[in-house]
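Chemist: Construct all of the structure, not just a fragment, from the sequences and the given hints.
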Amino acid sequence: MTRFRIIYLLLRLALGGIFIYASLDKILHPAAFAEIIFNYQILPGALINLTAIVLPWLELVIGLLLVFGIFMPGAAALTGLLLTVFWASLLFNLARGLDIDCGCFSTQSAGSASMAWHFIRDSVFLIMGLALFILVLKRDKLSSSKEVA
Amino acid sequence: MESYGEMVRVSFYQKTAWQSLLILLAALTAGLIFNHLRANGIPLTADWSPEARMVSASGHSLVIPTEEARQAHAAGQALFLDARSQEWFEMGHIQGARNLPPEEIEGLFAQVLGDVPPDRLIVTYCDGEDCDLSYDLALALMERGFTNVRVLINGWTVWREAGLPVEEGRS
Numbered sequence: 012m013t014r015f016r017i018i019y020l021l022l023r024l025a026l027g028g029i030f031i032y033a034s035l036d037k038i039l040h041p042a043a044f045a046e047i048i049f050n051y052q053i054l055p056g057a058l059i060n061l062t063a064i065v066l067p068w069l070e071l072v073i074g075l076l077l078v079f080g081i082f083m084p085g086a087a088a089l090t091g092l093l094l095t096v097f098w099a100s101l102l103f104n105l106a107r108g109l110d111i112d113c114g115c116f117s118t119q120s121a122g123s124a125s126m127a128w129h130f131i132r133d134s135v136f137l138i139m140g141l142a143l144f145i146l147v148l149k150r151d152k153l154s155s156s157k158e159v160a
Numbered sequence: 084m085e086s087y088g089e090m091v092r093v094s095f096y097q098k099t100a101w102q103s104l105l106i107l108l109a110a111l112t113a114g115l116i117f118n119h120l121r122a123n124g125i126p127l128t129a130d131w132s133p134e135a136r137m138v139s140a141s142g143h144s145l146v147i148p149t150e151e152a153r154q155a156h157a158a159g160q161a162l163f164l165d166a167r168s169q170e171w172f173e174m175g176h177i178q179g180a181r182n183l184p185p186e187e188i189e190g191l192f193a194q195v196l197g198d199v200p201p202d203r204l205i206v207t208y209c210d211g212e213d214c215d216l217s218y219d220l221a222l223a224l225m226e227r228g229f230t231n232v233r234v235l236i237n238g239w240t241v242w243r244e245a246g247l248p249v250e251e252g253r254s
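These protein sequence lines are chains A and B, in that order.
When the letters of the first sequence are read in order and numbered with my numbering, they come out as residues 12 to 160.
When the letters of the second sequence are read in order and numbered with my numbering, they come out as residues 84 to 254.
The set of hints was computed from the structure by calculation and includes no laboratory data.
Keep in mind the model is a prediction, meaning the values are calculated, not measured.
Virtual Cβ for every residue (Gly too), placed ideally from N, Cα, C.
Possibly wrong hints are sitting among the right ones.
Footprint (simulated), chain B over chain A, 3 or more residues, beta carbon under 8 Å [stated by the list, open to error]:
#: 1; region: 16–27
#: 2; region: 94–104
Here are the in silico distance ranges between beta carbons for each label pair [said to hold, decoys possible]:
#: 3; chain 1: A; residue 1: 35; chain 2: B; residue 2: 98; range: 41 to 47 Å
#: 4; chain 1: B; residue 1: 140; chain 2: A; residue 2: 79; range: 45 to 51 Å
#: 5; chain 1: A; residue 1: 130; chain 2: B; residue 2: 245; range: 35 to 41 Å
#: 6; chain 1: B; residue 1: 140; chain 2: A; residue 2: 32; range: 39 to 45 Å
#: 7; chain 1: A; residue 1: 138; chain 2: B; residue 2: 226; range: 44 to 50 Å
#: 8; chain 1: B; residue 1: 198; chain 2: A; residue 2: 99; range: 48 to 54 Å
#: 9; chain 1: B; residue 1: 171; chain 2: A; residue 2: 127; range: 19 to 25 Å
#: 10; chain 1: A; residue 1: 127; chain 2: B; residue 2: 246; range: 35 to 41 Å
Modeler: Here's what the structure looks like:
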């Protein structure tokens, strides 16, 4: 295996695992997750429950696709998109000084963990997600040129 | 070679787009079906306005209209409780209000409310449409046996904008 492929595999498994893990508690507790989305004070009220119902499943589906390496262009693009949205939401509330529960991995109150820590962690995830998408793009180009050759 | 590179990129982005769409549809379908079948599913839309959220344990609204709060204040019928931090309270609060941030209720309860009968009208407030401190405080007071607790939504801003009496410093 080339270094490229090892990094690609590690990113897929790590992000896939993170997404699956993040989805489970939210799927179990939709009402608590809706409350967390409300606390972010970003979405209009009419969209809060629908997001609480669908977003955890989106995370689960994406996580499974990443782990098994299926539908990679789509899964990687959505991974990058979701991580960007999560990152921006945290940044937005950090900037306006709203101290909210992250609700990233659990619907329980995070307690002592600070917004800043969540933001830094999210930034690392975002970099991983963008790196994965770039690798998927490169692999697609490589395999396409091989077919021609 | 360049035109070929362009072709690959277009097909990659097309692939990305339709796969993303399929994934979104799958998640939407799974989420809606699962929510429909499960015991603790939630309604697809809900009213998240302060009026709908700020209800007592038994479900009736705790919200007091500004005009009613003004009358109660003018007649001296109500005790106003400022749920914000002491710092904000001292910078300005509704005239005659006492300061009781909900997270400090354990330590301050006797000092702030020791002389208040449980059936006294209490109006809690904080600042901002979405501030929940006043609601948290109202629930905590009802748990402690107060029977006549109301919430003035966005109280500090509403009160000032209406030109009603305010004061600064400690209570």
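Chemist: Now tell me if each hint is right for this structure.
Modeler: Okay, the hints, checked on the actual structure:
Under a criterion of three residues with beta carbons nearer than 8 Å to beta carbons of chain B, the stated coverage of the region 16–27 of chain A fails, only 0 such residues being counted. With 0 residues having a beta carbon nearer than 8 Å to a beta carbon of chain B, the region 94–104 of chain A misses the requirement of three or more and the stated coverage is violated. For residue 35/A paired with residue 98/B, a C-beta distance near 29 Å fails the hint of 41 to 47 Å. Under the hint 45 to 51 Å, the C-beta atoms of residue 140/B and residue 79/A, about 46 Å apart, fit the expected range.
Range check, residue 130/A to residue 245/B: Cβ separation about 38 Å, and the 35 to 41 Å hint holds. Taken as a hint, the range 39 to 45 Å is violated for the pair residue 140/B and residue 32/A, whose Cβ atoms sit roughly 34 Å apart. Checking the proposed 44 to 50 Å range against residue 138/A and residue 226/B shows it holds: the Cβ atoms sit about 45 Å from each other. The beta-carbon spacing between residue 198/B and residue 99/A, approximately 49 Å, falls within the hinted interval of 48 to 54 Å.
Checking the proposed 19 to 25 Å range against residue 171/B and residue 127/A shows it holds: the Cβ atoms sit about 23 Å from each other. Between residue 127/A and residue 246/B, the C-beta spacing of about 40 Å keeps the proposed range 35 to 41 Å intact.
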